[in-house]
Each structure stands twice: as structure tokens, then as C-alpha cells.
Amino acid sequence: MIVDTTEVQDINSFSRLESLKELYGTVRVFAPILTLVLGITIGVLVIVWLEREISAGIQQRIGPEYASPFGILQALADGTKLLFKENLLPARGNTRFFSIGPSIAVISILLSYSVIPFSYHLVLADLNIGIFLWIAVSSIAPIGLLMSGYGSNNKYSFLGGLRAAAQSISYEIPLTLCVLSISLLSNSSSTVDIVEAQSKYGFWGWNLWRQPIGFIVFLISSLAECERLPFDLPEAEEELVAGYQTEYSGIKFGLFYVASYLNLLVSSLFVTVLYLGGWNLSIPYISVPELFEINKADGIFGTTIGIFITLVKTYLFLFISITTRWTLPRLRMDQLLNLGWKFLLPISLGNLLLTTSSQLLSL
Amino acid sequence: MFLLYKYDIFWAFLIISNVIPILAFLISAVLAPISKGPEKLSSYESGIEPMGDAWLQFRIRYYMFALVFVVFDVETVFLYPWAMSFDVLGVSVFIEAFIFMLILIVGSVYAWRKGALEWS
Chain H
5 MIVDTTEVQD INSFSRLESL KELYGTVRVF APILTLVLGI TIGVLVIVWL
55 EREISAGIQQ RIGPEYASPF GILQALADGT KLLFKENLLP ARGNTRFFSI
105 GPSIAVISIL LSYSVIPFSY HLVLADLNIG IFLWIAVSSI APIGLLMSGY
155 GSNNKYSFLG GLRAAAQSIS YEIPLTLCVL SISLLSNSSS TVDIVEAQSK
205 YGFWGWNLWR QPIGFIVFLI SSLAECERLP FDLPEAEEEL VAGYQTEYSG
255 IKFGLFYVAS YLNLLVSSLF VTVLYLGGWN LSIPYISVPE LFEINKADGI
305 FGTTIGIFIT LVKTYLFLFI SITTRWTLPR LRMDQLLNLG WKFLLPISLG
355 NLLLTTSSQL LSL
Chain X
18 MFLLYKYDIF WAFLIISNVI PILAFLISAV LAPISKGPEK LSSYESGIEP
68 MGDAWLQFRI RYYMFALVFV VFDVETVFLY PWAMSFDVLG VSVFIEAFIF
118 MLILIVGSVY AWRKGALEWS
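Keeping their order, the protein sequence lines are chains H and X.
Here the first sequence stands for residues 5 to 367, where the numbers follow our numbering.
Here the second sequence stands for residues 18 to 137, where the numbers follow our numbering.
One chain only, chain X, in its complex shape (with noise of 0.2 Å):
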């Protein structure tokens, strides 16, 4: 059953929470001084010129990663209704939960096999 009026007091700590960095950024505004110059608003590289630009490229792995995790992390979505009404639902839902995990399991597995979790 969904009880709205539970989440009143949520969404009133989402805007109060709001508010902390954004008085942080007002209150810094008054009290920090501005000084501007050309040097200082460079990137950082080692105290040499930046060299181009840093929007580039980078390794496909993180894509690998990112994909497998979206697969893992839906899983676990989907199992938390059948862990929470567990002891109502017995052991014929435990045996279908446990082939939904299964062919998760052989999935991970032929990503292993593969190389998609390796890093280098």
C-alpha cells in the first residue's frame, strides 16, 4: 500500500537540503574576494601550459563495466519485492527467483569468459 503522505516529510528535507549548498555558495559570494587573472583561471597540468583540451577520448572499459552493472543492478531491483514477501510466497517462487538468478549467473559468467572484467 502506498502511503503518500509519509513521503510530506522526505520532500521537505529534499528542499531544506537544497538550500545548505546554495547558502554555502551566498554566504561565499559576500565573504570571498575576487581576483581575476589569466594564469590562475588556467587549467591545472603540473604547472606547465595546458596542453588541448581534456574532453577526449577515453577507455571503452568503462563502458564494459557500466554495461555489466546496469545488468546486475536490475536484477537486484527485481528481487527485492520477492525478498521482502518472502515467507508468503514459498518455495515455488524461490525456485523461479532462483532460475532468474541462474541465468544472470551464466550471463556474468560468459562476460568473464570473455573479458569484459578485465581491467588491462
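Next up, chain H with everything else stripped away, as it sits in the complex (with noise of 0.2 Å):
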């Protein structure tokens, strides 16, 4: 028998083909999701330097400042030291349920970087549900909290994972419907057309002008979803030593505070996709027609200017959430929820009904 050698090599150099086009395909879905995540571990180091530093200054202190200058690696040095820390297994608890715990709420609130717009089309994944992925995926949190408050099995743990999930829902409400107002007006959930919808007018087509009432209930509602200070009642000191983390040490703690800061990052995020235009410049009059034309032409220069604008705006509404923890003090269980049910969910619907009223007038 003779073999053709030469159809041979053909099949040979095809398959090789085939392998280097798998590679290619592999390391294209996979490098922007590990560029996302060092994106994200740098933008969460910041935050946490950033609220040391800020804290520091409300309270006259001097804040870090030995972990190089300015204390930037205090951070990096603190999650160090919590991976050389021991990992402590109560006794009596729900193994199972106190290791899923923090993996859950990480990994939900990490999911939910997926469908923001850093740039001119700079998204991971452009679904056309985009928003709403992020409302059914931030739901899942909760859970995770409540697994690792009844795995542990102490009192303070368990009381402080029924006032989490309690609290999360919430707010879940008020703030669905304002994130639904917003589709509404821009008639999408994907959030790169929300952004689009956004670019008309510069600075005056925010969201922010249209949606004044939504605008305040989405920052109220997503600062409780965060557990930060004005409603951190899950984890109040005074009454629950540390609510659902009581029992947690090592790295799993510092996997819940990881899932803290990366929650406040991604609501700041949406606060600016949803109402603050994205990553457009949004100065009209002043707008430099070059300038757009490279950010439409999604060159570097336009997609790291993108970037920028939109860290800018994210950091902002972050040192305004910071500010807040270190001045305000906490609410109690009652007026939380009252505040919750009795308050902003009724001041939503309402502002739903009569954002569609608008558009009917203008339809």
C-alpha cells in the first residue's frame, strides 16, 4: 500500500492549525477575564489603602504609613498576614456551610464585574441582559451569609446572617426598581446602551437629571446592600461582636472582607454606568471633536482615556461611601427596615410610575 505522503502532511499541518487556533481561541477568553480580576485585586488594594487613609483623616490620625510610603502596601501586607493565620473549625458547627460561606459571596459579587462597561465597548461580556444579570447574581450574596451565620453555630453568627439576608432583601427592592426606571428610559438592559443612551446631550443627558428621586434611593439602597456603616447591622460591634464572621479567621475572614470592598466597588460602578454616563467625557460646549473621534475610533489612547473617566467617577461616589461610614452612626433594626419597606420602596414605585408616565407623553 502507498501512502500519500503528502496528503499526509497536509492532515498533519491542518490538525497543527486546528491546536494553535484552540490555543488562540483559550487564551482569548481567558487573558481579559485574568486582566479583569488584577484589575479588580488592584482597585479593591486601593480602596482599602483609600478608606485608611480617609478615616485616618476625619479622625485627626495619622493613618499607615511604615508598609512603604504613604502605607500604599498596607493592604497587600494585611492580606499577607491573614494567609499565615490559622484556619479555626468550631467544634460543634456546619463544616460544609462555614467553608462555602465566604466562597459564595465572593465569587457572586465577583461575577457581577462581568457586564460593566470600563470603555468604548470595553465589557466582558455585552449581554443583552447585562442589568439584569447583575440584580440576580448580587441576590446569591446574601446567601452565602446566611450559610456561614448557621454553619458556625453561635448565637451572634447566626443572628447576624438572619439581619444580613433580612436586610438584603430589603433593599433589593427599591433598588430594583430603580435600576428598572432606567431601562425603561434608556429601553435596554445591556449596560453599554445605557451608556450609549446617555451620550447625547454631555453632561446634561445623565441619568442623573432624569432620574433625581431614583438617583438618591439607588445610592441609599446600594450602600445597605454593601453593610456599610449607616447600615452595617449584620456585623454591629456593640450587639453582635462581629455578626456572621464571629467565628471566622484566617483567610476565610479576609475572604469576607475581600467580598465587602469588592460589593462597595461594583455599586460604585453601577452608579456610574447607570447615572453618571460612563465612560463618556460628558463636558459639552468644550467638547474637543478629535478627542471623540479617537474615543469612538476605540484606539489605546480612546479606551485608556475611557478607562480613566470612568475610575474617576467611580472613585468619587467611593470617597463619598467612605465619608459617610466615618460620619454618620448606625440605625437601629426598626428604622432600618422601616426605612427600607415603609420609605423607599413606595418613593420607587413611585418614581417608576411616573418616569413611564413621562415617556408616554413623549411617546
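The hints are simulated quantities; they were obtained by calculation from the structure and are not laboratory data.
Where hints are given, some of them may not hold.
[Said to hold, decoys possible] Derived PhoX-like pairs: lysine-lysine, alpha-carbon spacing no greater than 20 Å straight-line: (1) H:K89 to X:K53; (2) H:K89 to X:K57; (3) H:K25 to X:K53; (4) H:K346 to X:K23.
[Claimed, not checked] If you anchor each label on the Cβ, the simulated ranges turn out as follows: (5) H:V33 to X:D90: 28 to 36 Å; (6) X:G132 to H:I217: 23 to 31 Å; (7) X:E56 to H:I311: 36 to 44 Å; (8) X:D25 to H:I311: 21 to 29 Å; (9) X:E62 to H:T30: 48 to 56 Å; (10) X:W72 to H:R334: 21 to 29 Å; (11) X:D90 to H:W208: 28 to 36 Å; (12) X:L43 to H:L27: 34 to 42 Å; (13) H:T45 to X:V94: 31 to 39 Å.
For every residue, glycine included, the Cβ atom is placed at its ideal position computed from N, Cα and C.
Using the hints, put the two chains back together into the complex; each one sits in its own frame.
Below you can see the structure in the form of C-alpha cells.
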């Protein structure tokens, strides 16, 4: 039998090409994800440092200063220290729930980063259900908190977990209704479309001006979803030691810590995307046409400027929520639930009806 | 229209974000010291011996809020498709959606009057 060598070679080269293509495909999928994860990690480290510096400024202290100049690496040092700490599993608790709880909290919050547009069409997954995915995924995190509260078999943890669940379901609805008004205004729930819909009149095209009530309600409920200080009842130190994280030590505690800051960052990013025009420069009259040309052509320069603008708006909001944390006292449980159910819920429903009516008039 | 290939990157992201806690646990398992003791593993109750189990009855109020939450959450989920195609559907569907919302508002007013939204 005579084998046609050229044919075999052809097949070989073809299969090699195929495997190369496969490799290229894998790299194309995983490279942006790893870049995003790296970016998020750096973002969280910056927030932790900012929080310590700003709180020190408010309380007239010096703040971290020994770990590298201005204590920039303080957060990294803290994280590394937690890696070297012993992992305690409470003897009478449910070990499985105890370990899965923090993982679920981190994973569900990380997933919501996949729909955030950082620059002109620079988004990990431009899904047409975009913002809805965030709402769906973000309601998984309280399950993790509830699991860790239950799995610790500690009274403080159990109460903390219950409170966390009650608080996040109370503020989920005003948040969802505000997002609903936004997606009604832009006739889409894709985050990219929402930003595009705000790009028309520069500064004045922001949803902030069309949805002032929705903006305030969104801000308050996102603070409550993050369990930041005016609403940090699940981990109120004076009543519940540390809430659902009482029994945690080592890297599992670190995961909760990371999860709370990830949540804060993602809320600020969503405020930017939904209400502040995302990556757009948004300065009318001074609009440099060349700059917009570059922005549209998605060159490296335009993309960098887009990311920069998004981050500036985001960190402005982070600054506001950090100063809120160090200024306001904590609410009581009944005040918290009254604010959620009897104030924010009717207001956000009214806001939705108002938005709908104004849209009907303009139809 | 469902474009499922768009979700590929989402699944990849899900896998990678699952790897992060696992990696953290593994690194910590290698680096962290282990020294067990009965006192250390008992649950914390402000320094005294823990009294009884923590898995006990809790306030019924949490259930009440969860029930009201389910009602409103399902409502908003149903409103999303309507909101996204609002410009196509027009006035008649707005009236239907309004009636839908009105029924729920009446329900929540009932729950409010009955005291389901009171904490104490």
C-alpha cells in the first residue's frame, strides 16, 4: 500500500493549525478575564488604602505609614498576614457550610463585574440582559452570609446572618425598581446601551438629571446592600461582636473582607454606569471633536481615557461612601426596615410610575 | 433572540472566580500553622462556656419580610420585559401593567395595615 505522503503532511499541518487555533481561542477567552481580575484586585487594594487614609484624616490621625511610602502596600501586607493565620473550624458547627459561605459571597460578587463597561465597548460580556444579570447574581451573596451564620453554630453569627439576609432582601426591591426605571428610559437592559443612551447631550444627558429621585434611592439602597456603616447591622460590634464573621479567622475572614470591598466597588461602578454616563467625557460645548473621534475609533488612547474617566467617577462615589461611613451613626433594626419598606419602596414605585408617564407623553 | 455564544465568556469567568477561593484555601492550608485545642474550637460567647445550641427558633418577623419580598421581587421580574419594549408596546400595555402594579400596591397596603411590616 502506498501512502500519499503529501496528503498525510497536509492533514498533519491542518491539525496543527487547528490546535493552534484552539490555543488562540482559549487565550482569547481567558486573557481578558485574568486582566479584569488583576484590575479588580488592584482596585480593591486601593480602596482599602483609601479607606484607612480617609478615616485617619477624618479622625485626625496619621494612618498607615510604615508599609512602603504613604502605606500604599498596607492592604497587601494585611492580606498576606491573613494567609499565615490558622484556620479555625468551630467544633460544633457545620464545617461544609462554614467553608462554602465566604466562597459564595466572593464568587457571586465577582461575577457581577462581567457586565460592567469600563470604556468604549470594553466590557467582558456585552449581554443583552446586562443589568438584570447583576441583580440576579447579587442576590446570591446573602445566601452565602446566611450559610456562614448558620454553619458557625454561634448565636451572634446566626443573628448576624439572619439580619444580613433580611437587610439585603429589604433593599433589593427599591434597587431593582430604580434599575427598572433606567432600563425603561433607555429601552434596554444592556449596560453598554444604557451608557450610549446618556451620551447625547454631554453633561446634561446623564440619567442623574432625568432620575434624581431614583439616583438618591439607588445610592441609599446600594449602601445598604454593601452593609456599610449607616446600615451595618449584620456586623454591629456593640450588639453582635462581629455578626456572621464572629467565628471566622485566617483567609476565610479575609474572603469576607474582600467581598465587602468588592461589593462597594461594584456598586460605585454601577452608579457611574447607570447615572453618570459611564466612560463618556460628558463636557458639552468644550467637546473636543478629535477626542471624541479617537474615543469612537477605539484606539488605545481613547480606551485609556475611557477607563480613566470611569474610574474618576467611580472613586468619587467611593469617597462619598467612605466619608459617610466615618460620619454617620448606625440605625436601629426597626428604623432600617421602616426606611426600606415604608419609605424607599413607595418612593421608588412612584418614581417608576412617574418615569412611565413622562415616557408615555413623549411617545 | 438568544445568542448563547455570548455567555461563553461568562461561564469562563464563573470557572475562574470559583478557582480564586479554592486557591486561597490551598495556599492558606500550606502556609497556616495548625495547633488544635478544645478551648480554641468552642464557639465564642463573650468568654463564658457556650450555653446550648445556636440552632433554635428565631423571630417570625424574618419570614414575614421574606414573604413580602418574594411578592415584590416576582413583580419586578415580570415588569422587566415590559420596560425594555415600552416604546413598542405603547399605551394599552401600559394600562395593563398599571393594573398589575395596582393589585400589588393594594396587597402591600393590606400587608402594611395588618402590621406585616412592623418589626416590634
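Cross-check of the supplied hints:
1. H:K89 to X:K53: Judged against 20 Å, a Cα distance of about 13 Å means the pair holds.
2. H:K89 to X:K57: holds, 14 Å
3. H:K25 to X:K53: Not satisfied, since the Cα-Cα distance of roughly 52 Å exceeds 20 Å.
4. H:K346 to X:K23: violated, 40 Å
5. H:V33 to X:D90: 28 to 36 Å: holds, 33 Å
6. X:G132 to H:I217: 23 to 31 Å: holds, 28 Å
7. X:E56 to H:I311: 36 to 44 Å: Given about 51 Å between the Cβ atoms, the range is violated.
8. X:D25 to H:I311: 21 to 29 Å: Holds, at about 24 Å.
9. X:E62 to H:T30: 48 to 56 Å: holds, 51 Å
10. X:W72 to H:R334: 21 to 29 Å: holds, 27 Å
11. X:D90 to H:W208: 28 to 36 Å: For W208 (chain H) against D90 (chain X), whose Cβ atoms are near 34 Å apart, the range 28 to 36 Å holds.
12. X:L43 to H:L27: 34 to 42 Å: violated, 26 Å
13. H:T45 to X:V94: 31 to 39 Å: holds, 33 Å
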